[in-house]
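FYI, our numbering numbers position 129 of the sequence shown as 163, with every residue one higher than the one before it.
Hints should not be assumed to be uniformly reliable.
To be verified - Below, a list of computed lysine-lysine pairs in the DSS-like style, where the Cα atoms sit at most 30 Å apart:
{"hint": "1", "residue 1": "Lys292", "residue 2": "Lys302"}
{"hint": "2", "residue 1": "Lys250", "residue 2": "Lys292"}
{"hint": "3", "residue 1": "Lys36", "residue 2": "Lys440"}
{"hint": "4", "residue 1": "Lys250", "residue 2": "Lys264"}
{"hint": "5", "residue 1": "Lys292", "residue 2": "Lys353"}
{"hint": "6", "residue 1": "Lys264", "residue 2": "Lys292"}
{"hint": "7", "residue 1": "Lys483", "residue 2": "Lys440"}
{"hint": "8", "residue 1": "Lys292", "residue 2": "Lys267"}
{"hint": "9", "residue 1": "Lys36", "residue 2": "Lys394"}
To be verified - Cβ pair distances, simulated, as ranges:
{"hint": "10", "residue 1": "Arg354", "residue 2": "Thr65", "range": "39 to 49 Å"}
{"hint": "11", "residue 1": "Pro265", "residue 2": "Glu210", "range": "23 to 33 Å"}
{"hint": "12", "residue 1": "Ala228", "residue 2": "Ala135", "range": "33 to 43 Å"}
No wet-lab data here; the hints were simulated from the structure. We put the CB at the ideal spot given by N, CA and C, even for glycine.
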Amino acid sequence: MKIIILGAGQVGTSVAANLVNEANDITVVDTDAQRLRDLADRFDLRTLQGHGAQPDVLMRAGGEDAEMIIAVTNSDETNMVACQVAYTLFHTPTKIARVRAQGFLDHREALFGGDAFHVDVTISPEQLVTDYILRLIETPGALQVTDFANGRVRLVAVRAYYGGPLVGQELRALYEHMPHIDARVAAIYRQDRALQPEGDTVIEADDEVFFAAAPKHIRSVMSELRRLDKPYKRLIFAGGGNIGTRLARVTERDYRVKVIESNLERCKQIAESLERTIVLHGDAADEELLLEENIEDTDVFCAVTDDDEANILSAMLAKRLGARKAMALINRSAYVDLVQSGPIDVAISPQQATIGTLLKHVRRGDVVMVHSLRRGAAEAIEAIAHGDQHSSKVVGRTIAAIHLPKGASIGAIVRGDQVLIAHHDTVIESEDHVILFLQDRLRVPEVEKLFQVGVTFF
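Construct all of the structure, not just a fragment, from the sequences and the given hints.
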């Protein structure tokens, strides 16, 4: 697929890194020559210096035959205008724009539908990160929580601890312990090495386990792998930017929420916009301030400023002073791996939270949802099966009979309003939503072929 990416910032670079490895023809446009040089040194792609909303720049970038434009500059207005220009001049089939300002998002249907701005998909990284963190808060003890089929199926990552009923036992014991609860373990990671789960696989302490289940069964399955965390009540968000303010707004009615912000004017602004949240002016890495605010009684300390180092240090300090869970928003992927194995419980990558929304528009076959897992190495996909037994490689076949790529597994199937946890004898029907886990995202093209009607596989 020929794709133009406007903006070589953190989001644009992350998108390019994910797409360039999948045999896409990528051109990245930015005004910053140094950023473009860095990208060209790292990846096999084309770069072009210029303003992405200018018609001549889009023309030189290959706008005439581009199949997709992804506008992710730091300017909402530039992104919106670029999509409009691409539509008017080139009739680009798919136009995606990053839109951050709440004022635009509040009028999404009026602005991005009909005869207004011709933007097919709007993405708000701040909103996606907010939703990502909110799911973690709602699922105490989880490392990652992803939704499929409009929330009817969840894929949850959890770390197994000594004392969990299933730890030290074969995986088949899960079904013996909970015969009335349907769940499927999709993947196990042991010391960063992926294991394909089988009935005789033994769960060990410190394993990272991914399982699929209906939301109402999540806590029951987690209780087999670790001691259940009590529901969270007291939250502290370090940073009163877009993400911190959004998090406070959606949690303040159900939790006791505090926000720490270093900018006095910003403190006043968010204090006026929030109803029940306590807004504190100060440094989130100030030990005295954290102790005054009873950090030892805090269930979740979540650092969401735009400074990686500040987030890491304040989260580490909060954990040392007694916070039950410490989370930190970290942009640099190298930091994420380092931090996740230390005192911080959850390192949150904005790129990982955002990239899936873009990838689902690039995937071939009828893919309706993509989630990036384990810092982008793995992927979970929701694909719709079409056709019949003669034209499809999956329809009319049991899961055991489907030739899945190595490291791939089917976790669940959504059929209408019914959620079916996958078993070897489950038969896939046309229009089923199939949730798959891939340990290696480089195997994605093989899965895409499976779900393309009339395509020969192997």
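**Request:** Could you work out which earlier hints the structure fails to respect and list their numbers in ascending sequence?
**Result:** The structure conflicts with no hint, since it agrees with every one listed earlier.
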